[in-house]
Amino acid sequence: MSAEARPLPAEAWALRRATLGMWVFLATELMFFGPLFFGYWYGRLAFVDAFFAASRQTDVLLGGINTAVLLASSAFMACAVDALEAGKRRASPWLLLATAALGLAFLGIKGVEYLDDFHKGLYPGGDTRLDSGGRLFFLLYYAMTGVHALHLFIGIGVALVFAFGIARRRPALCDPGRLRVAGLYWHFVDSIWIFLYPILYLAGRSG
Amino acid sequence: MNGRRFYRRNLGVGILLMLLLAATTASAYVPMGAWNTVVNFAIAAAKIGLVAAFFMHLLDADALLRIAAAVALLMLSIFLTLASTDYLARRISPAPWQGPHVLRPSSPAR
Numbered sequence: 368m369s370a371e372a373r374p375l376p377a378e379a380w381a382l383r384r385a386t387l388g389m390w391v392f393l394a395t396e397l398m399f400f401g402p403l404f405f406g407y408w409y410g411r412l413a414f415v416d417a418f419f420a421a422s423r424q425t426d427v428l429l430g431g432i433n434t435a436v437l438l439a440s441s442a443f444m445a446c447a448v449d450a451l452e453a454g455k456r457r458a459s460p461w462l463l464l465a466t467a468a469l470g471l472a473f474l475g476i477k478g479v480e481y482l483d484d485f486h487k488g489l490y491p492g493g494d495t496r497l498d499s500g501g502r503l504f505f506l507l508y509y510a511m512t513g514v515h516a517l518h519l520f521i522g523i524g525v526a527l528v529f530a531f532g533i534a535r536r537r538p539a540l541c542d543p544g545r546l547r548v549a550g551l552y553w554h555f556v557d558s559i560w561i562f563l564y565p566i567l568y569l570a571g572r573s574g
Numbered sequence: 151m152n153g154r155r156f157y158r159r160n161l162g163v164g165i166l167l168m169l170l171l172a173a174t175t176a177s178a179y180v181p182m183g184a185w186n187t188v189v190n191f192a193i194a195a196a197k198i199g200l201v202a203a204f205f206m207h208l209l210d211a212d213a214l215l216r217i218a219a220a221v222a223l224l225m226l227s228i229f230l231t232l233a234s235t236d237y238l239a240r241r242i243s244p245a246p247w248q249g250p251h252v253l254r255p256s257s258p259a260r
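Going down the list, the sequences are from chains A and B. Quick note on numbering: the first sequence equals residues 368 to 574 in the working numbering. Quick note on numbering: the second sequence equals residues 151 to 260 in the working numbering.
Don't read these hints as lab results, they were simulated from the structure.
FRET-style restraints, in silico, Cβ to Cβ: (1) A203(B) - A413(A): 33 to 41 Å; (2) W185(B) - A472(A): 27 to 35 Å; (3) F392(A) - R154(B): 27 to 35 Å; (4) R537(A) - D210(B): 23 to 31 Å; (5) L223(B) - G475(A): 26 to 34 Å.
Stretches of chain B that chain A covers, calculated by requiring three or more beta carbons in the stretch to come under 8 Å of a beta carbon on chain A: (6) 159 to 167; (7) 184 to 198; (8) 214 to 226.
Just so you know, even glycine gets a beta-carbon here, dropped at the ideal spot from N, CA and C.
Can you make the complete structure from the sequences, with help from the hints?
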């Protein structure tokens, strides 16, 4: 029997539509980050030495720890989605809480880092010897990490809503398809950081 | 997926991601010239690939979803390439809309 002869149930279609909708939304999000990536690409070619010197001033230890925190949070989110799909309604909220806690830890570490950068004068117009290339680097650094942090903040809110909704057996939030779509957003935000870490923290470390 | 198998799979992908994070951080301190950038980008692409394939379930997704994801990346690279043709060529051929006062050699604006 061919696949067409057995139509999918309505719920499966709804999930397909929602998943495709989220992927299209993520595509527009990628376009939103695109100009920042282009600004970096241009600066990296036009002011390569200034970009390397500026990148060496970022805190690679905190940046690396934050990358590990976010990667772990993504693994927890993936487990939360799979757990709800397997019918484990007791495990899923705890996994979502762990995801949100790691997201909050990321924002906390990033806040400490911003304070430290600010005290060192590492901001456009700050009291340092940054040249025009270095100022462009730190403009992009704050724009990219700031927009990423805003996305993560929204993701934490979504994870918490699902965690409490599933724990309280709210039917709308116990739908595994919905959590899967929310999880896509979390993993996208994680993927953006995976790309930001080498370009902002690791550029020019060996020179 | 039933049972606890998915925990093991997600843990495995997570450990792999952490190893790649260690590799990209360590390689950044090895002097390789332009290859540092290549290695960093390759490892970032591998990590995003793992997240997309396993955590975002693109590996067992409909072709439609995989096409949507691929088109997003393709469009971004087309836009970046087209924009680069302007920015990378500005010193060779200045944009025609720059007024004479900008292009005049004695102008203080240059």
